[in-house]
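Novice: Given next are the chains, with one letter for each unit.
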Amino acid sequence: MSAAEDGLKRAARWRWWEGALLLALLLSWALLPSHALLLNEIAILALFAVSLDLILGYAGIVSLGHAAFFGFGAYTAALFAKLVMPDPWVGMLAAIGLTAALGAVCSLLILRGTDLTRLMVTLGVASILYELANKLDWLTGGADGLQGVVMGPLLTPFGRFEFDLYGRTAYAYTLFVLIVCLFIGRTLVHSPFGYSLQALRDNRLRTASIGLSVNARLVAVYTVAAAMAGAAGALLAQTSGFASLDVFDFHRSAEVLLVLVIGGTGYLYGGIFGAVVFKLLHDLISAWTPQYWNFWLGIFLVVLVLVGREKLIRPRTWFKRS
Amino acid sequence: MSEVVLETRGLLKRFGGITPTNDVSITVEKGARRALIGPNGAGKTTLINLLTGVLEPTAGTIWLDGADITQLAPHQRVRRGVVRTFQINQLFNALTPLQSLALSVSAQLGIGGQWWKRLGTDPRVAPRCDTLLRQFRLDDVADQQVQHLAYGKRRLLEIATALACEPRVLLLDEPVAGVPEGEREEIFDIINALPAEVSVLLIEHDMDLVFNFASSVTVLVNGAVFAEGSVEAVSNDPRVKAVYLGESLDKSEHG
Chain A
4 MSAAEDGLKR AARWRWWEGA LLLALLLSWA LLPSHALLLN EIAILALFAV SLDLILGYAG
64 IVSLGHAAFF GFGAYTAALF AKLVMPDPWV GMLAAIGLTA ALGAVCSLLI LRGTDLTRLM
124 VTLGVASILY ELANKLDWLT GGADGLQGVV MGPLLTPFGR FEFDLYGRTA YAYTLFVLIV
184 CLFIGRTLVH SPFGYSLQAL RDNRLRTASI GLSVNARLVA VYTVAAAMAG AAGALLAQTS
244 GFASLDVFDF HRSAEVLLVL VIGGTGYLYG GIFGAVVFKL LHDLISAWTP QYWNFWLGIF
304 LVVLVLVGRE KLIRPRTWFK RS
Chain B
44 MSEVVLETRG LLKRFGGITP TNDVSITVEK GARRALIGPN GAGKTTLINL LTGVLEPTAG
104 TIWLDGADIT QLAPHQRVRR GVVRTFQINQ LFNALTPLQS LALSVSAQLG IGGQWWKRLG
164 TDPRVAPRCD TLLRQFRLDD VADQQVQHLA YGKRRLLEIA TALACEPRVL LLDEPVAGVP
224 EGEREEIFDI INALPAEVSV LLIEHDMDLV FNFASSVTVL VNGAVFAEGS VEAVSNDPRV
284 KAVYLGESLD KSEHG
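In the order they appear, the protein sequences are chains A and B. Using our numbering, read the first sequence as starting at 4 and increasing by one per residue. Using our numbering, read the second sequence as starting at 44 and increasing by one per residue.
None of these hints come from the bench; they were simulated from the model. Careful: at least some of the hints might be erroneous.
[As the list claims (entries may be wrong)] Pairs of lysine to any residue, SDA-like flavour, derived with a Cα cap of 20 Å:
1) B/K160 x A/W17
2) B/K160 x A/L29
3) A/K12 x B/W158
4) B/K160 x A/D9
5) A/K12 x B/P170
6) A/K12 x B/W159
7) B/K160 x A/D249
8) B/K160 x A/V183
Isolated chain A (complex conformation) (with noise of 0.2 Å):
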């Protein structure tokens, strides 16, 4: 085997750590029943980040916005259960679709322009969104949420499943949306459009001068990240049952940066490490003193860029000169 042929097998190779993140998944769902709850959050926020990473982390888009297309994925499968059927598969691939073909047309909004306009253009689509599901409340239910919202049995090869009030058939659910989302994901980053994005993320200019359009590019990944957004939301509102306007609201942006930023960018798994340790701070912090937790995390926050994420998880280079 060449050289070359060896490297570029080399940079998609499975890692063991991948395996194992994968049997942990799976295995969190069949050993903490009583938690699938929880864990069902931390796997939608997980899909929600991994759809941030893949533009922010991989083609180099800013959003202030991302909670866009979170939002619109859980009406549009909240709205799919109430007005056309209640089959979670069916409204899980009609949120995918239509969120996708959101993010087609609002991609057209972040192709020009520096980062600054990009956040700010992604932070008005988002509140635009927010407006929209507050004052079509004869569709959307307004303030006080999308009310009423029965879900069909999960149907599968082995059987039916209704959602229960533990939520074992929810965080099975999204497990396997997310973890189908991964395999997409991680077969994308690998392929040469994968690449081109990071490319493109570097050098916009060198990137058209190998032949490579890049435009094409932003509006495809944006349209990708905006589905798998799509589904995080339609997950969100499946299990639970229920959409409201906090989907579209800017803290769901800003935390999902958050997560990203605490679990790192441009490796695809940032969004599942990131998950899982903010919302087992939130968790563990506001159990212990309810009120004060943003303080407590804020704080962590801080550490954490001043220390570095590289130096935080290996604690033996804590007490090391460099």
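We have chain A already, so just place chain B on it with the hints.
Specialist: Same frame as chain A, now just chain B:
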């Protein structure tokens, strides 16, 4: 007279009150080895930017193989074979040289948008990368991130990336800028070894390299074509000596 590959007709670029390209009409024949020279600020890089579509001309047209490509986007021109290198390295810092070249080769093969297969699955990609890496002596650093490479290696990758695109017209913007004396020859050896049908347009300040490499020369002054012809004719032209060669003998000019 062999067939014309690239041609500009009345090309004009204005930035406010400045006209860096002023009514430039040049033709580049198939297999030409053309040098583009001129004092600093003569508009050489602007002309390259116009030819590659980075800049839009204020007036005039650009023709490739008899087709008007003035309106084509930069990446479309590359797909048609107009490829350039940059005076200042433009590289993908987070990728490795191997990945950069594999991506360029994939783009050239028309599979740069493939998302369902691993980079390098196509059997044509790896051998081409191997050849380029060996040619440019990048094989020992093929798997290091570009941002950690030494300047000389990055310069080589800059040229290798362009060659990975299989140019039919290659525009070299000071390819050996900042390259130590000894290694310049090597880069030119590789450029000289390009297939005879590839046309090369070279911007270079080092007159020895220009005279060794080029068969014809275009002299730009203040954005306009000042003189054009064979190396001998241009180098003996007293007007050219006055505006350009005379200056370049001055030590204060680019070394």
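Novice: Would the pair B/K160 and A/V183 pass a check requiring their Cα atoms to be no farther apart than 20 Å?
Specialist: Holds: B/K160 and A/V183 sit about 16 Å apart, inside 20 Å.
Novice: Below or equal to 20 Å on CA atoms is what counts here, so check A/K12 against B/W158.
Specialist: It holds: about 16 Å lies between the C-alpha atoms, which stays within 20 Å.
Novice: Would you check the hint for B/K160 and A/L29, treating anything up to 20 Å between C-alpha atoms as holding?
Specialist: 26 Å, violated
Novice: Between A/K12 and B/P170, does the CA-CA distance stay at or below 20 Å?
Specialist: 14 Å, holds
Novice: Does B/W159 lie within 20 Å of A/K12 when you go C-alpha to C-alpha?
Specialist: Answer holds: A/K12 to B/W159 is near 15 Å, not above 20 Å.
Novice: Between B/K160 and A/W17, is the straight-line Cα distance small enough, at 20 Å or below?
Specialist: 15 Å, holds
Novice: Take the C-alpha atoms of B/K160 and A/D249, compute the straight-line distance between them, and say whether it is at most 20 Å.
Specialist: 38 Å, violated
Novice: Given the hint that B/K160 pairs with A/D9, test it: the Cα-Cα distance must not exceed 20 Å.
Specialist: Roughly 16 Å separates the two Cα atoms, so the pair holds.
Going through the hint list in order, the structure does not satisfy hints 2 and 7.
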